[in-house]
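Participant: For reference, the chains in residue letters:
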Amino acid sequence: MNGGDDMHDNEYLWDRSGPVDPELARLERLLRGHAHAGAPRRVRHATQAKPMATTRRRRWGNAVAAAAVLAVCAIGVRAWFQQRLQWEAGKPWQVVAQQGDVRIDGRRQAAQALLATDGTLETGANATTRLRAAGIGEVAIGQGSRLRLVETRTGRHRLQLEQGSLWARVWAPPGQFGVDVPGADVIDMGCEFLLKVDADGNGSLSVLSGWVQIDNFRREVLVPQGTRVRLHGSGAAGTPHAHDASAGFVAALDAIDARGGAVAADGEEVRRLIAASRPQDAISLLALLRDHPQLADGPLFERLAQLLPTTPAPTREAWRRDRTAVLNAWWDALPYPRVKRWWTQWPDALPKRGGKMAYWLRTQGNG
Amino acid sequence: MNRDDRDDVDGTDALPALVEAARRGSGGAMDALYRRFAPVVHGVLLGYVQKADADDLTQDVFETALQRLGELREAAAFPGWLLSIARHAALDAKRRRTPLTGIEIEAVDAHATHEDQLDAQRSLAAIRALPEAYRETLMLRLVEGLDGPEIAVRTGLTPGSVRVNLHRGMALLRAALTSERTGAHER
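Line by line, the protein sequences are chains A and B.
Every letter in the first sequence is one number past the one before it in the numbering used here, and letter 294, counting from 1, is 294.
If you count the second sequence from 1, you need to add 367 to reach the numbering used here.
If you're looking for bench data, these hints aren't it; they were derived computationally from the structure.
Each residue gets a CB set at the ideal place from its N, CA and C atoms; glycine is no exception.
Heads up, some of the hints might be wrong.
What the hints assert, rightly or not - Only part of the chain B face toward chain A is listed, based on derived beta-carbon distances under 10 Å: (1) V407; (2) K418; (3) E430; (4) R440; (5) A442; (6) G447; (7) L458; (8) D459; (9) A487; (10) L491; (11) A492; (12) V510; (13) D514; (14) R530.
Using the sequences and the hints, build the whole thing.
Facilitator: As C-alpha cells, then:
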C-alpha cells in the first residue's frame with residue numbers, strides 16, 4: 001500500500017493527470033461495478049413539474065396519452081403475470097416430453113399424458129420425463145423416480161418426491177412451489193434447483209439460481225444459489241456448503257452436523273473447518289453460527305468477521321447484546337441476490353433456457 | 368419553437384437555465400438534470416445504503432426534487448439542495464429498513480471474482496466508516512468515476528474543499544485498509 005504519496009494524490013487522485021497510483025487504480029477497478037448504471041429517469045406523470053399555462057393543454061394531452069400507453073402496458077404485463085399464476089384447483093399437469101418407461105398410476109404413458117392430483121408418476125431405468133409445473137415453470141424427473149402430485153391450485157403447488165431425482169425451474173413468488181420429501185418440505189423461493197433422495201429420504205439439494213428453503217417443522221434452512229445441502233431421512237437438513245467446497249471442509253461440516261452442532265467452540269472439528277474455509281464458504285460458517293450460537297465463543301466468530309467485513313466490525317459484546325443484529329449485518333454482506341427480488345431471476349421463466357436441464361436429462365442426473 | 372418548449376435540451380446548458388426550464392415543465396431539461404446529477408446522488412446514497420437500495424433511491428430522490436423544484440429559490444443552489452434531499456432519503460431509508468434474516472443481501476458485480484467482490488465489500492465498508500465529507504467525496508471519485516473538478520461542479524463545493532476532502536479521505540482510507548490487512552494477518 002502506498003503510504004500517502006502526495007504527488008500521486010495531488011495529480012492522479014485530483015484529476016488523473018499524473019502518474020497512475022496503482023492502489024487508487026485498483027480501488028477504481030474494484031468499485032466501478034457499484035457505480036450508477038445509467039438507467040434512464042423514471043417518469044411518473046404526477047411527479048412532473050407544472051407546465052407553463054401557454055403550453056399546458058398540449059402537455060396535458062401528451063401526458064394523458066403517455067399515461068394511457070403506460071396503463072395499457074401495465075395492464076398487459078399484469079394480465080400476463082396473473083395468467084401465469086392462475087391455475088384451476090386440481091387441473092392436471094401436462095407431460096411435455098418423455099423417454100423410456102414412464103408410468104402414471106401404474107399405466108405406461110404415451111406422449112402428452114396428464115398427471116392429475118394424487119396421481120403417481122414413476123420412471124424406470126434410463127427413463128426421464130418433463131412436466132409443465134402448472135403455469136409457473138417446469139419440472140424434469142430423472143430415472144428410477146417416484147413422484148406424486150399432492151396439490152395444485154393458484155398460489156400453491158406441491159409435489160411429493162418419494163425417491164429419485166427432480167430438477168425444477170420456477171419463476172413465481174416465493175412459497176408457491178414446493179416438494180415434500182420424507183420428513184421435510186423443500187420450498188422454492190423463486191429459483192432453479194436439483195433434488196435427489198433415496199427411499200429412506202437421504203439425499204441432497206443443489207440450488208442453481210435464487211434461494212430454496214428447507215423446512216422440517218422444527219428448523220428452517222435457507223439455501224442460496226451455488227450451494228448444496230445434505231438431506232437426512234430423519235428430516236434433518238445439514239448445513240449448506242458451496243458446490244466447490246473442499247473435501248476437508250465438507251468432512252468437518254458433516255462431523256459438526258452429525259453431532260447436532262454440540263461440539264466445543266474451539267474443538268478439533270471447528271478448527272479443521274476454519275483451516276479449510278475460503279471466502280466462498282462464509283455461508284456455511286454463518287448458518288452454523290445462526291443454528292448453534294454457542295460456537296461464537298470460539299474462533300468461528302473471528303473467521304466470519306474476517307470473511308464478511310461489516311461496519312461497524314462486530315464484537316462479542318455486540319453479539320451478546322443483540323445477536324440478531326450481528327447476524328443480519330453478516331447476512332447483508334453475503335454475495336448473493338436478495339430473496340425479495342425473486343423477479344430478477346426472470347430468465348427462469350423462459351422455456352429455452354434449458355441447456356443444463358436438457359443435459360441433465362440426457363446424462364440422467366449424473367452431473 | 369419556443370426554447371422553453373423544446374425537449375432536446377443540450378446537456379452542456381448552464382445549470383440555472385436547465386433548472387429554470389425544468390421548473391417550467393420541460394421534460395428534456397429534467398432528463399438533462401438527471402443525467403448530470405444521477406451519479407452524484409447515487410454516490411452520496413452509497414455512503415449510507417447498499418447498491419440495490421441506492422439504485423432505487425436515486426430515482427426517488429429525483430422524483431421528489433423535480434416535484435419540489437418550485438421551492439428552490441436560487442437555481443444555482445440546485446446541487447447542494449439536491450444532495451440534501453438525497454441525504455435525508457438515505458437516512459430515512461436506513462431508519463425504515465426492516466431486519467430480515469438472510470434476505471437483505473448486497474447485489475454484486477457478477478463479472479468480478481469472488482475475491483474481488485469481497486475486496487470491494489471491504490473497501491466500501493471502509494469508505495462508509497469515514498466522516499461524511501470524506502465518505503461522499505471518495506464515493507464520487509472511486510465509485511462513480513468523477514474527477515475532482517467534476518465533483519466540485521456537481522456538488523456545489525469549492526474545488527479547494529473537494530481537494531482537501533479527497534486527500535484527507537484517501538489518507539484515512541489507506542490507513543483503514545492497511546490496518547485491516549495487518550489485523551487479518553495477525554489473526
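Participant: Check each numbered hint against the structure and report the violated ones by number, ascending.
Facilitator: Of the numbered hints given earlier, those the structure breaks are 4, 5, 6, 7 and 8, listed in rising order.
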